[in-house]
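Counting from 1, one number per residue, gives the positions in the sequence shown under our numbering.
These are computed hints drawn from the structure, not numbers from a lab.
Please read these numbers as outputs of a predicted model, since none were measured by experiment.
Please note that a few of the clues may not be correct.
Pairs of lysine to aspartate or glutamate residues, derived as DMTMM-like cross-links and limited to a Cα-Cα distance of at most 25 Å, are as follows [stated by the list, open to error]:
#1 K391 - E347
#2 K52 - E89
#3 K372 - D291
#4 K176 - E242
#5 K341 - D241
#6 K246 - D259
#7 K208 - D260
#8 K77 - E37
#9 K18 - E89
#10 K177 - D121
#11 K246 - E337
#12 K387 - D314
#13 K420 - D93
#14 K62 - D21
#15 K382 - D288
#16 K253 - D398
#17 K281 - E89
#18 K372 - D413
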Amino acid sequence: MDKKVTPLMQQYNKIKEKHPDALLLFRVGDFYETFHEDAIKASNILGIILTKRGAGSNSETKLAGFPHHSLNTYLHKLVKAGERVAICEQLEDPKQTKKIVKRGVTELITPGVALNDGILDQKSNNFLASVFNVKKKYGVSFFDISTGELLISEGSLDYVKNLISNYDAKEILVCKKNKSDFIKNFGYQKSVFYLDDWVFGKDFSLEKIKSHFNVNSLKGFGINEDNIGVLTCGSILYYLDETQHKQLSHITKIQQIIDDSYVWMDQFTVSNLELLQSNSKEGKSLIDVIDYTSTSMGARKLKRWLIHPLIDLDELNFRHNTIEEILKTQNLLLNLETELKSFSDLERIMAKVVTYKISPRELVQLKLSLLKINPIKDLIAKLNSCKNLTKIETSISDCKHIIEILEKTLNDDAPVIIKKGNVIKENFNAELDQLRSLSN
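Construct the entire structure; sequences and hints are all you get.
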């Protein structure tokens, strides 16, 4: 006897067919529900109750769910377990329709593509990587959607393996035709997603990159179009589009990782020197010992410097001379630290702004941080004898126009959730003021 499938489950099945590799969180009223195999996974990972609908009948369905307001509590657990999570929302008000509510996937969150604070480590990048090889030459790209950093490189198998390890890629994109080679050479990786071969085509990749940056050539980035890394870069942009991440204006450049610019260390050297992780449970790594950075942005930068020690003497001298000048004036150093410690993570806040994931309260935090720019510039300007610092100071924008907009618009006590109201100041918009008076 055929199973009787309800209209709701028919809708679920159609959406699930489009995202077979993702765990689908299906919004039903005030809950996110999971069904079938997804329900079993969700129950095991989240420790929530697995139930059955229509138990004992031909249409028996396993399900597990949680309240919609608990999404941030559970989402990071699913992603950290290696799951790709598709969030399916109700796209219309149930009260306004007599038919089944229209639903659709609004976001696909993966281990390598995440903006949720519960998933991200403040002091570490969250890189999505892509690997492609032509015979024995490999291309690789890294992208962190939470900061907008996009990097490419090419080289030998060992070189790319070391980059994947040192950059601690959370998810790796691989061409389907290279699947067996990838498993043979890279071994088991927690989160790998295989893409169709055509995604790594040269013409397609170049079109993706040039379209995003609105350029006719990659020469402005110092990149040769025959660089195999270009193919992996294009695949990342494609993947972001496929996972419903279409607002990416914070990706403003491509940086090359050039191996002869740094002291090269393989993954075993990094591990044996305990640069990023200690080899004992109670021990400390080098980064743990030397990280006195005042901001999350600084911590991520320091980690990058540690795995890429410079060879360029001019750049080394620039860093050392600048630090030496700051250390000569302890009062200046202490004042700078004070200002920076209350500075928000601008890289990640701006990523949320351009991807429309920002909360009203985070916009207030953005304003408060931008207000600190001029005091910081003034402190740096006091060391006018140091040309390096003068160069840094003049390169920093005061963001005056952005501050003015935020000052005029936002209430200082704006909430985390926009639906709670009290976001926009009175007298900013006459129509809004009128609507508020009517509601009161």
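To see whether the hints hold, each was checked on the structure:
| no. | hint | result |
| --- | --- | --- |
| 1 | K391 - E347 | holds (21 Å) |
| 2 | K52 - E89 | holds (23 Å) |
| 3 | K372 - D291 | holds (23 Å) |
| 4 | K176 - E242 | holds (17 Å) |
| 5 | K341 - D241 | violated (35 Å) |
| 6 | K246 - D259 | violated (31 Å) |
| 7 | K208 - D260 | violated (28 Å) |
| 8 | K77 - E37 | holds (17 Å) |
| 9 | K18 - E89 | holds (15 Å) |
| 10 | K177 - D121 | violated (33 Å) |
| 11 | K246 - E337 | violated (37 Å) |
| 12 | K387 - D314 | holds (14 Å) |
| 13 | K420 - D93 | holds (18 Å) |
| 14 | K62 - D21 | holds (18 Å) |
| 15 | K382 - D288 | violated (32 Å) |
| 16 | K253 - D398 | holds (22 Å) |
| 17 | K281 - E89 | violated (42 Å) |
| 18 | K372 - D413 | holds (19 Å) |
Comparing the model with each numbered hint stated earlier shows that hints 5, 6, 7, 10, 11, 15 and 17 do not hold.
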